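S.K.: Each chain, letter by letter, is given below.
Number of protein chains: 2
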Amino acid sequence: MKKQIGPSGVTRIALYYRVLSSLTEEGVRYVSSEELGERTGNNAAQVRKDLSYFGNFGKPGVGYDLTDLQDKLSQILRKEDSRKMALVGVGNLGSALLSYDRFKEEGFQITAIFDNDRRKIGCQRGGLVIQDVTELKPILSKDGISIGIVTVPSAATQKVVDELIEVGVRAILNFAPSRVTVPDFIILQNVDLSIELDRLSFFLENKGSIPSRAK
Amino acid sequence: MKKQIGPSGVTRIALYYRVLSSLTEEGVRYVSSEELGERTGNNAAQVRKDLSYFGNFGKPGVGYDLTDLQDKLSQILRKEDSRKMALVGVGNLGSALLSYDRFKEEGFQITAIFDNDRRKIGCQRGGLVIQDVTELKPILSKDGISIGIVTVPSAATQKVVDELIEVGVRAILNFAPSRVTVPDFIILQNVDLSIELDRLSFFLENKGSIPSRAK
Numbered sequence: 006m007k008k009q010i011g012p013s014g015v016t017r018i019a020l021y022y023r024v025l026s027s028l029t030e031e032g033v034r035y036v037s038s039e040e041l042g043e044r045t046g047n048n049a050a051q052v053r054k055d056l057s058y059f060g061n062f063g064k065p066g067v068g069y070d071l072t073d074l075q076d077k078l079s080q081i082l083r084k085e086d087s088r089k090m091a092l093v094g095v096g097n098l099g100s101a102l103l104s105y106d107r108f109k110e111e112g113f114q115i116t117a118i119f120d121n122d123r124r125k126i127g128c129q130r131g132g133l134v135i136q137d138v139t140e141l142k143p144i145l146s147k148d149g150i151s152i153g154i155v156t157v158p159s160a161a162t163q164k165v166v167d168e169l170i171e172v173g174v175r176a177i178l179n180f181a182p183s184r185v186t187v188p189d190f191i192i193l194q195n196v197d198l199s200i201e202l203d204r205l206s207f208f209l210e211n212k213g214s215i216p217s218r219a220k
Numbered sequence: 006m007k008k009q010i011g012p013s014g015v016t017r018i019a020l021y022y023r024v025l026s027s028l029t030e031e032g033v034r035y036v037s038s039e040e041l042g043e044r045t046g047n048n049a050a051q052v053r054k055d056l057s058y059f060g061n062f063g064k065p066g067v068g069y070d071l072t073d074l075q076d077k078l079s080q081i082l083r084k085e086d087s088r089k090m091a092l093v094g095v096g097n098l099g100s101a102l103l104s105y106d107r108f109k110e111e112g113f114q115i116t117a118i119f120d121n122d123r124r125k126i127g128c129q130r131g132g133l134v135i136q137d138v139t140e141l142k143p144i145l146s147k148d149g150i151s152i153g154i155v156t157v158p159s160a161a162t163q164k165v166v167d168e169l170i171e172v173g174v175r176a177i178l179n180f181a182p183s184r185v186t187v188p189d190f191i192i193l194q195n196v197d198l199s200i201e202l203d204r205l206s207f208f209l210e211n212k213g214s215i216p217s218r219a220k
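Keeping their order, the protein sequence lines are chains A and B.
Here the first sequence stands for residues 6 to 220, where the numbers follow this note's numbering.
Here the second sequence stands for residues 6 to 220, where the numbers follow this note's numbering.
Read the hints as simulated data drawn from the structure, not as lab findings.
Bear in mind the structure is a predicted one, so any value in this text is a computation, not a measurement.
Do not take every clue at face value.
Note: identical chains are not told apart, hence a pair may lie in one copy or across any two.
[Unchecked claim] Simulated crosslink set (DMTMM-like; lysine to aspartate or glutamate; CA at most 20 Å straight-line):
#1 Lys84 - Glu201
#2 Lys77 - Asp167
#3 Lys125 - Asp137
#4 Lys89 - Glu210
#5 Lys142 - Glu110
#6 Lys142 - Glu40
#7 Lys54 - Asp122
#8 Lys147 - Glu39
Please work from the sequences and hints to get the whole structure.
M.R.: As C-alpha cells, then:
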C-alpha cells in the first residue's frame, strides 16, 4: 500500500465492490472509472485515486476488467474469509440485524446471540438459541469470533464491549448512542443512522448538487 | 458554493458537526483542523478542504471558533428546521428506528407510522398509532412530510416508494436490500449496513492503518 486509506476511502471501495457484483450479474466485462463513479456518487478522478492505492489495474480507453477488479477488491476487503460474528442484545434492532440478508450475502455470519432477558434466553431467533449474556465469556472464549455487534441499551454497552474484548473480539460494531472506550488495538465502529438523515436533508435543500449515489 | 460536495463530503460534514456538539458540551472554544480530523478519522488537509467548500472560517494558529463553525454547519445541514418523517413498515427494524434517540437529538421526528399487518394496525408504538398502509395516501397528503423511511420487505418496497412520492415526499431512506427506481427529482438513500462490516473487516486486517474514527 503506497499510502494509508481512510474510513471514507474504505467505504467507497466497499461501494465499488457492490457495483461490480451487480454489473457481473448484468454480464458486463469492462467498467470505466466514470461509470463506477456515477453509480456511487463520486467523480472519476476519485475512483482512479482510490483504486491506485492498491495498484493500478485500469487500461486507458478500455477501463477496468471487471473480473480482475472484483478479485482485487475482494482480496482487499477479505471477502474470501467468512466472518463469524457474535450479537449481543436481541431487542428490535438485534432481531432486525439477525434477519438482515445483506450480512450473509457479503460473507458475514452471526453465529452466537446473547441477551439478559430471562424470557428470551433459551428461545430461538434466526435459527440460533439466545444465550445468557452472563455466559458470554465462557461461551465465546472457545469460538474464535473476531467481530462483535452490540445492540444493548447505552448503560450496558461498556460492560459488554469490555467482555467481548476479553474473549478476543477485535472489531466491534456499536449501535448504542453512548460513548465507549476501547484499547488502541481494537477497531470500534459506532453506527449513527442520523448521519444518513443529515445527508438526505442536505441534498433535499441542494437539489442542484444531487450526485447519482443519492438518487 | 464554489464546487459541488459529494455524499462522502456531506457525511464528513455531519460527523464534524457531531464532534463540535460534544466539544461544546466539554466547554471547548476553539478547535483545530487536526483535532477535527483526528476525531473523525480524516487528515487535517481533508477537513480544511471540506470546510472551504462553504467559505473559510479558520484562523491560522488559533483554529476554528467552535460556536461560529457549529452555527455554519448547522445552517448547511439545515439543523434549524425540524424534519417530519413518515415510517412505513413497523417490523423489528421499524420499531428499532422508532425508539432510536439519535433521530430526535438531531432534529428528525417520526410523526406517522404505517403497516399492512391487521394485528398491528391501531396499536400504539413509540407514542404513535400504527395506521393502515392502504390509507397512506389520504393521510399523508395533508401532512407536508418531506422524508420517508421505508422498512418493508423487498417485494413491497417499490409500491410504497411510489406512493410516498405521489403524496409529496421528496427524500427516502430505504432499508430494504431491493433495487428501487425513482424519478430524478427524488433523493433516495439506500442503507446497506454490510458496508460497516466491510470497513471493520478491512481495518481488522490492516491494523497499521487504523484511523482514529474507526477506533
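S.K.: State for each hint whether it applies.
M.R.: Going through the hints against the structure:
1. Lys84 - Glu201: between (25 Å within a copy, 14 Å between copies)
2. Lys77 - Asp167: Answer is neither: 35 Å inside a copy and 38 Å across each miss the 20 Å cutoff.
3. Lys125 - Asp137: within (9 Å within a copy, 30 Å between copies)
4. Lys89 - Glu210: Answer is between; shortest inter-copy Cα gap is 15 Å, intra-copy 41 Å.
5. Lys142 - Glu110: neither (28 Å within a copy, 34 Å between copies)
6. Lys142 - Glu40: Cα proximity of Lys142 and Glu40: none, with 47 Å in one copy and 36 Å across.
7. Lys54 - Asp122: neither (49 Å within a copy, 48 Å between copies)
8. Lys147 - Glu39: Neither, since 47 Å and 41 Å both go past 20 Å.
The structure fails hints 2, 5, 6, 7, 8 (numbered hints given earlier, in ascending order).
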